[in-house]
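Asks: Below, each chain spelled out in residue letters.
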Amino acid sequence: MVDTKTKTLGEILRHSGVSRRGFLKFCTATASMMALPPGMVPAIAAALDKARRPSVIWLSFQECTGCTESLTRSHSPSLENLIFDHISLDYHHTLQVASGDAAEAAREEAMHANAGSYLVVVDGSIPLGNPGYSTTAGFSNLQILEETAAGAAAVIAVGTCAAFGGLPKADPNPTGAVSVRDIVTDKPVINVSGCPPIPVVITGVLAHYLTFGTLPELDQYGRPKAFYGTSIHDRCYRRPFYDKGLFASTFDDEGARSGWCLYKLGCKGPMTYNACATAKWNEGTSWPVESGHGCLGCSQPDFWDAGGFYNALSIPVGELSRTVSYATAAGLGLGAVAAGINHRSKVEANRRHGEVTVDDLEKTS
Amino acid sequence: MNESMDFLLWTRGTAFDVSVAIFIVGMLIRLFEIVSLGRGRDLAAPRGTEFLPGIRTILSRTLPYGGTFKRQPLTVIAGYLFHIGLLVSLLLFIPHIELFRETFGFGWPGLPNPIVDAAAVLGITGLLAALWNRLTNPVMKMLSDSEDYLVWILTFLPLLTGYLAYHRMINPYPLAMGLHILSIELLLVLFPFTKLMHTFTLFLARWYNGAMSGRRGVES
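Chains as they are written, first to last, in the numbering used here: chain A, 4 to 368; chain B, 2 to 221.
Source of the hints: derived by calculation from the structure; they are not laboratory data. Ideal placement from N, C-alpha and C gives every residue a C-beta, glycine not left out. Keep in mind that the hints are not guaranteed to be accurate.
Claimed, not checked - To give an idea of the chain A side of the interface with chain B (calculated C-beta under 7 Å), a few residues:
| # | residue |
| --- | --- |
| 1 | Gln-146 |
| 2 | Lys-267 |
| 3 | Pro-273 |
| 4 | Gly-321 |
Said to hold, decoys possible - These stretches of chain B come out as covered by chain A in the derived footprint (C-beta under 8 Å, 3 or more residues):
| # | stretch |
| --- | --- |
| 5 | 88 to 97 |
| 6 | 146 to 158 |
| 7 | 170 to 176 |
| 8 | 206 to 215 |
For reference, chain A alone in the conformation it holds in the complex (with noise of 0.2 Å):
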């Protein structure tokens, strides 16, 4: 058993069984995936292997471990997996053993001798309408999250939830929950989104950290740019069939069959910013454009009450129907009501209107 708390990750990894060259050819494709160039390879490759565990204290909240399930869960042992299992994970209440007061105790532990350089993975969105909504040994999320993220180095958002408030925040939001972005605005936040998030983005955050020690350059929403740089649209293998027209109409017909575009399926890819086109999931297996079902924009804020799944991206959230029905109606109504009042100053003006003559006017002048 190798001593994993003094060793370099390069150790780990070695007496894992994983050559050199297995480990090369991971931070190529790590600085691949993170958009670096190739000379970067070898300095991925020392700093990594120099690289001691960090430790990272992973706290869930209102959420549903979909993405625990989608990180942990590989069908083979991979490197992502290895450099995942290999950091010290301190407190994840899906993976740890203790529990109770121990499991709480680990937490502490980990804050205490780690001050200042450990990693925060925050699963899930908080609920500020009542501390009560979600606990964890007594204690609210919030409190929790403020308390564990004072002394962190920095906070990894995973999932849609924790990034942007996710299902539990969709309208009309009944425990108030808040992104983590929301309640820490002093230590550094990346949102790693997606429902589930693809686990390679969190493996390459956590390598672009042991490597550089920085966090690596987030876009608006603050997601790593290499990874949500570019929408599902530009990187779709449909993208042609849309150019061209040519659009699959229902889930069985000749378009779904030849695999043309699904925009009218209700995909929603043009307006969602994440890398499963190129990462793809189950080892690179397949994705859901792919496996012929439009993208639900999982990655995006609010993405739950974005319209209907299969409602294409054009068509407005409301009951447009609806609107257009009560409105016509209230036009005709009030249609009606001008065109009264028009044919009562008519029937008025008729009546006004009398005989003149040209005695009447000589009378007047």
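Based on the hints, put chain B in the right spot on chain A.
Replies: Below, chain B alone, put in the same frame as chain A:
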């Protein structure tokens, strides 16, 4: 921090409902008013029929007069260019057709995107030419008031923002699409209260001209 998505959802939600409601109510009131005002009874004996000349004029006035073309070629060319570009972009772009299908329950076939794209470019070019004509031709300049320029902007913005959104020239895309939808909402809200009403009233006006001329037995 989620401004652009919030903005997009607002334009696709509340703002769209409100502007569509204002458009429909305003348009119906104005049409009712115009129709209900009616015309005084013509007591003279008719020299011809009203129906066919009315219909014929609705169609025939779609073509320009040769004389107008000789005097003001740019007015005619720019006018046609932008109207055709606008109508093709509005009615034959598949995402737009999906919106109509959702609202009214029926749709129609669209054109491939590159053709709609070309139509949008023609529309934008036509509108720019029309503005240039309005600003440089002394007669046009004198005839133009602030409403003409307002209506030009209201028509130009949806084409421009649609072109920018389609080509993804504004980042992030939710902002681009939000701006496009907002520009259409602006158009919808002001439509019933400006000369944009000609989209519907032109049929009434042409019918009246044709029918009256037909009744008097003269060419329209």
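Asks: Against this structure, judge whether each hint is valid.
Replies: To see whether the hints hold, each was checked on the structure:
no.	hint	result
1	Gln-146	violated, 23 Å
2	Lys-267	holds, 6 Å
3	Pro-273	holds, 6 Å
4	Gly-321	holds, 5 Å
5	88 to 97	holds (count 3)
6	146 to 158	violated (count 0)
7	170 to 176	holds (count 3)
8	206 to 215	violated (count 0)
When the structure is compared with the earlier hints, violations turn up for hints 1, 6 and 8 and for no others.
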